[in-house]
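Number of protein chains: 2
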Amino acid sequence: MTSDKKAILLIIDGLGDLPTPKTPLQTAKKPNLDKLAKDGITGLMSTIGRGIVPGSDTGHLQLLGYEPREYYHGRGPLEALGAGIALRNGDIAFRANFATAKGNNIVDRRAGRLETTIAKRLESVLNFEIEDVQCIFKSTVEHRGVLVLRGKGLSANISETDPHKNDHILESKPLDDSKEAKKTAAVVNAFTRSARDHLHVHEDNRKREKTGKPEANAVLLRGAGAYVKVPTITERFGITATCVAGGALYKGVAKYIGMSVLNVDGATGTADTNLKEKGKATVNALRGNDLVFLHVKGCDSFGHDGDFNGKTKMIERIDAELIPIIAKSGANLIITGDHSTPCIIKGHSGHEVPILIHGNERADEVKTFDEQSCMGGGLGHINGKDIMPIILNLIGKAKKYGS
Amino acid sequence: MTSDKKAILLIIDGLGDLPTPKTPLQTAKKPNLDKLAKDGITGLMSTIGRGIVPGSDTGHLQLLGYEPREYYHGRGPLEALGAGIALRNGDIAFRANFATAKGNNIVDRRAGRLETTIAKRLESVLNFEIEDVQCIFKSTVEHRGVLVLRGKGLSANISETDPHKNDHILESKPLDDSKEAKKTAAVVNAFTRSARDHLHVHEDNRKREKTGKPEANAVLLRGAGAYVKVPTITERFGITATCVAGGALYKGVAKYIGMSVLNVDGATGTADTNLKEKGKATVNALRGNDLVFLHVKGCDSFGHDGDFNGKTKMIERIDAELIPIIAKSGANLIITGDHSTPCIIKGHSGHEVPILIHGNERADEVKTFDEQSCMGGGLGHINGKDIMPIILNLIGKAKKYGS
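Chains as they are written, first to last, in my numbering: chain A, 109 to 511; chain B, 109 to 511.
Hints are supplied without guarantee of correctness; some may be wrong.
Claimed, not checked - Negatives, chain B to chain A, calculated, CB over 10 Å: (1) Gly157; (2) Arg183; (3) Glu279; (4) Thr342; (5) Gly346; (6) Ile433; (7) Asn501.
What the hints assert, rightly or not - Pairs of lysine-lysine, DSSO-like flavour, derived with a Cα cap of 30 Å: (8) Lys436(A) with Lys130(B); (9) Lys508(A) with Lys246(B); (10) Lys384(B) with Lys146(A); (11) Lys146(A) with Lys130(B); (12) Lys273(B) with Lys475(A); (13) Lys505(A) with Lys281(B); (14) Lys130(B) with Lys508(A); (15) Lys508(A) with Lys290(B); (16) Lys113(A) with Lys273(B); (17) Lys475(A) with Lys143(B); (18) Lys454(B) with Lys143(A).
Keep in mind that the hints were calculated from the coordinates and are not lab data.
Predicted, not measured: the structure shown is a model, and the values here were computed from it.
For every residue, glycine included, the Cβ atom is placed at its ideal position computed from N, Cα and C.
Produce the entire structure from the sequences given, and follow the hints as far as they go.
The following block contains the structure:
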């Protein structure tokens, strides 16, 4: 293995922030990231474009070289792939929540953050057929799951059933006049009714009723998308790549574009993730791959919660536990976020994200890695679409354009 | 002549590099370039896009305002134009090498770097007809040459015959099902066989055999492209322009886009080129032209050879012998490269190239011209496609967009 012909793309989800009066990156003690910034080149990146607020799905597609305007067909298929369902062309996939309904009204959109083990038991009664359409349901973490509709003549152009608040379950409606959209909306509504019937009689729900716990007696659907097989990252860029991530979405994005996905012990997709194990798995994976996409979720979650100290400490933990392992590998390192998640906004924002590159690059004068320092970085302001060409150039896998 | 309404675009081929720990530009003594940087404005440029590795052909087309995705049809036509062949619409042109074959195997892809004078004598036996197709062969420098096929119903969508290593000569194959591609592949294979027959009996080869020199008894073809006449630089941008270059490709790009081409004594396209003569010819050409495109090859060749000292000395020679002459002209100067050719990579790379502009521009704080200094330059990070609009703006020839 010649490490300088390999690359690690570390995405620290939601990394960027706004100063109050400092950002978490400016506050955190992070000697290892600062050392890389000092020896490498830095800048600021707009994942999709200046001011545009990226989703987690579109942001990662863009960073991995898949222009979302061409390759994004809704979150459902990415979540379903991440949950381990082998999708076929034309499958319609949804994100799903177990919820608690009283009558037709939702009283808890997460069924009391249903335990994962119980969700797994409920899963079995949600796999059935509606006419010629196969309903494939898989639970993932807590109240979360995915539904796939498999059959002929389906469309993702339908409205969702999730009211996104405690209100009545929405009826799915076709969003165009096609018979495919009408059929799919009808199947979704039939699924929703059947799911309530099957869940209502399930022994776990009967037990929950007796013990006063919120029943998981309804399924809410959103994020409909049709699966379309796309050319793999190997076909498009001539590289082999693998993914180290905890969250289903990131694994799903990786599978969608033909990357292999490593399952790492303790990679939870939450703040308690085992960073050392993820770092070791990443470095090991360099042996068989040109690129490892390493995803760490925690900072984004703290940003969503408005937890400045949590986000700062997560950065410090990444710096102490993860960075030394990947830095020692000798591979080219590209370290950035998929978007900003400012603690004072408690959501994604369109502010640029700091980026640092260490490896086959020039050094700039920047000595610390944060939003303000990187404004003067030698990369200037780049876009998410630049990342894959830059990686290919770093590892010597870029095809010359012309001769 | 009002010099400030004129511009010189100096392309120092392969100028950019990576630090080991300094780059050739950072190492070279170049007081004249540094003076221009101090008085002018600097920045970094990506010829095609961030990280994308430009070819010499696509890179120059882009810098001269011709978007390669629209105007690039293979290297062959550009080389053929540069070699002085007047192409017609539909001609199929190739880059060609004289090579040494034993049986069907190539044992020297360059026929011992055949002397240019001998190649010129061999040229005559390679001009003949195959059915209704005229084969026009012209030798250029050493073992290099071009072949043009002229006839009806030809296509460039065929595979090349050059194995790019010592192996057997490849058979050209059609790359689509069209009768044009089939016909052209058949003509190429017939040319290849006839060329061997004619070259085998040529008296120069008979002499070479007797004296133990590698015979130039085969022709290898690559870089097929169909010639399509494009609107001239005058038609598109309303300016007159000329080219001062040694290498055939750069002259060919210039002719392709309707620039005139000056032949300068001692402009060899190699490291021994006569920089003073090129400089004088450039300044003289400002009288009849709005823009002079001045190309200097040497730095790229040294980069390809991994010769750090050679590249550094070439920069010093450009600074001492060429820059004072063009700086004295009073014309706007745009000085950059077409891509980086880092000595440690020994090939083109996608790293940005420093650029400096001196003339009708603001000054920035940068006082030296190199990859690191220019990171902080007032131009920021620009693209190759920005160069022609910037030139037109500098010389007051930009058409207002809107009113």
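**Prompt:** Does the claim that Ile433(B) lies off the interface hold, with its Cβ farther than 10 Å from every Cβ of chain A?
**Reply:** 30 Å, holds
**Message:** Please verify whether Lys146(A) and Lys130(B) have alpha carbons no more than 30 Å apart.
**Reply:** Holds: Lys146(A) and Lys130(B) sit about 16 Å apart, inside 30 Å.
**Asked** Are the Cα positions of Lys508(A) and Lys290(B) separated by 30 Å at most?
**Response** 27 Å, holds
**Request:** Report holds if the minimum CB distance from Thr342(B) to chain A is greater than 10 Å, and violated otherwise.
**Result:** The claim holds: Thr342(B) sits with its nearest Cβ about 24 Å from chain A, beyond 10 Å.
**Message:** Holds or violated: Lys505(A) and Lys281(B), Cα atoms, limit 30 Å.
**Reply:** 27 Å, holds
**Asked** Lys508(A) and Lys246(B): Cα distance at most 30 Å?
**Response** 27 Å, holds
**Prompt:** When you look at the beta carbon of Gly157(B), is every beta carbon of chain A farther off than 10 Å?
**Reply:** Violated: least Cβ distance 6 Å, not greater than 10 Å.
**Prompt:** Does Arg183(B) sit more than 10 Å from chain A, CB to CB?
**Reply:** Arg183(B) not clear of chain A: closest Cβ-Cβ about 5 Å, inside 10 Å.
**Asked** Within a Cα-Cα threshold of 30 Å, do Lys273(B) and Lys475(A) meet the stated pairing?
**Response** Not OK: Lys273(B) and Lys475(A) at ~46 Å, beyond 30 Å, violated.
**Prompt:** Within 30 Å, alpha carbon to alpha carbon, are Lys130(B) and Lys508(A)?
**Reply:** 25 Å, holds
**Message:** What's the verdict on Lys454(B) and Lys143(A), does the C-alpha distance respect the 30 Å limit or exceed it?
**Reply:** 29 Å, holds
**Asked** Within 30 Å, alpha carbon to alpha carbon, are Lys475(A) and Lys143(B)?
**Response** Holds - the C-alpha atoms of Lys143(B) and Lys475(A) are around 29 Å apart, at most 30 Å.
In this structure, the earlier hints numbered 1, 2, 10 and 12 are contradicted, and the remaining ones agree with it.
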